[in-house]
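Q: These protein sequences, in sequence, are chains A and B.
My numbering puts the first residue of the first sequence at 1, with every later residue one more than the last.
My numbering puts the first residue of the second sequence at 1, with every later residue one more than the last.
Errors might be hidden in some of the hints.
[Claimed, not checked] Mimicking DSS-like on lysine-lysine, the simulated pairs with C-alpha atoms at most 27 Å apart in a straight line are:
(1) A/Lys6 x B/Lys130
(2) A/Lys6 x B/Lys125
(3) B/Lys125 x A/Lys17
(4) A/Lys6 x B/Lys144
(5) B/Lys241 x B/Lys181
(6) A/Lys17 x B/Lys144
(7) A/Lys9 x B/Lys79
(8) A/Lys393 x B/Lys17
(9) A/Lys396 x B/Lys76
(10) B/Lys89 x A/Lys396
(11) A/Lys9 x B/Lys125
(12) A/Lys396 x B/Lys181
(13) A/Lys6 x B/Lys89
(14) A/Lys9 x B/Lys130
[Stated by the list, open to error] Simulated restraints on C-beta separations:
(15) A/Ser325 x B/Lys11: 44 to 54 Å
(16) A/Asn301 x B/His73: 40 to 50 Å
(17) B/Thr63 x A/Leu304: 32 to 42 Å
(18) B/Asp30 x A/Ile23: 54 to 64 Å
(19) A/Leu381 x B/Lys11: 51 to 61 Å
(20) A/Leu381 x B/Pro207: 36 to 46 Å
(21) A/Ile23 x B/Lys11: 54 to 64 Å
(22) B/Arg223 x A/Ile23: 51 to 61 Å
(23) B/Lys11 x A/Asn301: 41 to 51 Å
(24) B/Leu243 x A/Lys396: 37 to 47 Å
Think of the hints as simulated: they come from the structure by calculation, not from any bench.
We treat Cβ as the ideally placed atom computed from N, Cα and C, and that holds for glycine.
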Amino acid sequence: MKQTLKILKVAFQAINKNRTRSILTMLGIIIGVAAVIMTISAGEGATMQVQNQISGLGTNLLMIQTKSEHKAGINVRMGKPIYKKDFEILQKNAIYMPNLSPLLAIGAQAIGPDGYKSTMVYGVSYDYFYITSREIQFGSFFSDEDVKTAKKFCVIGQTIRKELFPGQDPIGKQIRIDKVPFTVVGLLKEEGSGGMGQDMDDIVLAPYTTIQNRIFGNRKRGYNMILASALSEDHIVDAKIEATELLRESHKIKANDEDDFEIMTQIELQEITSNITGILTLLLGAVASISLIVGGIGIMNIMLVSVTERTREIGTRLAIGARESDILTQFLIEAVVLSLAGGVLGVVLGVIGNQIIYKATNFYIPTAAYSILIGFGFATLIGIVFGYFPARKAAKLNPIDALRYE
Amino acid sequence: MPLKKVIETKKISRVFKNGDIEVHALTDIDLVIEEGEFVAIMGASGSGKSTFLNILGCLDQPTSGDYYLDAVHVNKLSKNQLADIRNQKIGFIFQSYNLLSRTTALENVELPLVYDRTGRFSNSKELAIKALGEVGLEDRIYHKTNELSGGQQQRVAIARALVNEPALILSDEATGNLDSKTSIEVADLFVRLNNEGKTILMITHEPEIAQFAKRMIYMRDGRILTDEIIKDRSTKESALKDLELTAEAIE
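Next up, chain B with everything else stripped away, as it sits in the complex (with noise of 0.2 Å):
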């Protein structure tokens, strides 16, 4: 049985418009992602990484081609189908967290599940303890925000990521604000994700962190350039070990 399609793209091209100058942010991508994947995109800035992953977390659209989430074709969808798109079958993660200030960990990971409209979850506050409990958060359930460290609010933002069960988790740079060693506890996290089935994409400029992935994509001038099975993927050990070594030849 072939695996389940959670992302294909038919030749997604966006072109923004800038008074009379046109800009190929994308051109003709066409790329499929299977449940289960777990696929780094890489790119200088200017590549089209980001575009590409507000295309593909549903935040924009392409300007021609087709884009198909979980089998939704998403080209043809109002604001409002959008956004119940976006919560039903997208966990984001972004940069700088983007949790609400003076709030619970708890509360933050419940949002997503206040503006479900499905009601197909009953009680939000569980699910929001059980997302808390799977990034290794369960003691911090009801502190704010605000005392939390760094990589404590990633992880919070991974729980709200989690607890609408997407088809797909979106992360923007999720590590780029933290430490080396945050960083790598960050991207194990991803990988025992991804081990318990859910399919992410991530986008990052550390190759460090890339090498966690499964499947490496190289965009550049908005076409992707390579797409290629990691072989030699890093894990939390080694990538300790690999820092470790870096530190003593600074040293």
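Only chain A is shown next, with the shape it has when bound in the complex (with noise of 0.2 Å):
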């Protein structure tokens, strides 16, 4: 213990004698750690919100609709559409999905009387509004009896208001949507962006009556998909587990045979992006670990040049008594430290960084605990594994030949 304390001093007094040599040393290893921690970080940050966005799609959700697959890059659809007969069904019999709403979209262009936009017009029932819980900054939500009457109401986002209506209130205003005219009734309050990047404001919300009979002009036309929140988090699978069976019932789907539509719960979603998230942050930790690796070269490199700077030094101590072990343990220590030092003030770069970050383009990103340990970890690691090699060739000197090297 005495011993270790004793080539401990020796290690700080060669870091500190070469200062200036040691912190360039320590820059690769400071920089490798900080990139690991920011994208750690800013990859947990991203996932965050995604799920936050998840969340805030609605409580409980249930994404019903027909089965598709990725066929060279297009979703083709494999099953029967979802119909109004579908629907009904389900709004009748369901116990465990108090809320349902059919879902029609359509990319539009949406003209106001003082600007226009291509936005996403949504067909919906009254009840998207529990389900997804979005709130009325202006105005009203559409009612059941406007959805039954297919009145030519809408609500729009914020993103439409201010492209359409600048600095004026949209209320009781008329916009047209495939030359068919609304009047907006409400206006949503700001949702902020998805996860994926999509803007939440850009929105516009119809009856799905209206939107099937006169956008579409086809009262048969299936459903997109049909959104339902389930009772109770708990009832989540009931939900899912009832929907089948009164779709499969409905499909008249033999007991055998596959399902031809697919049911995608909150959960679900939440755990196939956070997969997508996870695989992310992963490789950006792999990219920015390559730089931890360069700094540990550079580490093994500087140690390189410390041996044979110091070989007489290494042939004095071998003379005087010191074992191959010490030199080892000497110039390794040396190697830790400076991976170490280089490692803590990585970590204080990475987390300003990521405050920095937060302060410029407001994207929170919560400095992950398992990404200063990584980090941390790994720094350690690379101090041993690069600063071993020059380690030994101090170590297996040959005291005679190096007491007389020049």
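Two chains, each in its own frame: build the complex with the hints.
A: Given below as structure tokens:
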């Protein structure tokens, strides 16, 4: 123990003697560790935001849609579309899904008196507002009665208001979608950007009946999906089973045949996106780790120079009784101290960097505790791995040759 | 009571193999050095004196023959044991001092104690200060080596060789880098240390330095050529006077 302390002191003296060089060597590790922390934290931040967005989609959400398959990059519908009949069966029989809304989506040009905007227009029922828990800032939602009678009402998001009604109150005004005039009855509260970067306020909501009759002009057209919310979080699975049974019956699917529709719950969606962002974080972290390895090579390089430079010193130490292991430990400790000190500074830099990004972009990055552990642990590991070779070289020097080294 | 043998070599040989060529650096050397001796080894370059010193200093091992250092049979020791022997029984002094740069005299002198595993030295700082006192550097303890003159640096190195209370002090051309006057002072320091009972073995090129010793060994071609007691040993005063006379003669 005492011996280790003495050798630790020797290592610190050596680092202190070559301060500039030591700091430059550490720089590689500092940047590497900071990069690892910042990328992992950014990944975590993105994951968090996506997760928040998904929980923001609604409470205990279920999405029921026709089974589709990716073929050559295109979503191809495989099963029967979801029809009005299916929706009515669900509405009539479902116990675990108190709120249900069809969803008809169409990309269209929304034209106002002072501007226009390409946007997504969704045909939904009144339940949609419960399911997605979106709130109204001004005006009101359209009612169940408005849906039944296919009123040409719509509720718009903040982005639409800015583009179509700059500086004006949009309530009661008209917008045209695909030549059909709609009266704006409500303005949604701002929601911000979605997990995948889409603008959640670039949206127009209208009664699905109106969209189907007026825009598509086809009452038989299937829905893009049915949105539902489960009774409670505990009933999400029940709701999924219930919906599956009801739809299989409605679609007349035989006992052994597969479903021709898909039901995705909010939890499943969260899992999928968390997988995706997890892979993304891993990739980013791996790229950042490369800079750590480069930093490690820097340490090895400097340690090799140091060993050559101090050959006489090593010879002297061996002559006056240092064992090989003493020399090995000394140089290994030097390398580890360098990388550890770099690691500490890197953590500080990483945390500060996260704060700067937050201040500059408003993108909240929580510094993940495990990213600090990874960065720090990796720095130590690199110190040992890349310090070992030079240290061994030093320890294996022949004292006679080392003493004569010029 | 016979004096303790600090060094005893029995038919020591050292052969270097370089491919097919064998170089006999040392051949059948028998030598006994007893406690309290002050021996100078002289010889031309290639006479084998450095190889001999390396073996005596446990930095190298003989190809054949036996070497006993302070009654320890060195031949069969492992690398670690050799390191420990060097640490406990030998004090090295080198031509180019080999001090740690930008480090204080004190820390340099403490260095052998850093590697002490016997635990026999409890207060290394006190011991180092004492050793520095013995070489007359009590007022230079906290000076860094680069702030010291050549002679002072060699004194620090001598203090470092003393601090572990070795059985044998080995000096390899200790005065080789010093001017004549400083060389004489260092040689005089050896005499003083020897008078205090230290056993000293030094290699030197300079006859006037060798003349300070009690016994002179002359080597040639890996063998001991002559081994005799020095009758008219130099002292600091006589050597300085000779130096003056030489200087006058040149003028």
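Q: Of all the hints given earlier, name the ones this structure violates by number, lowest first.
A: 12, 15, 20
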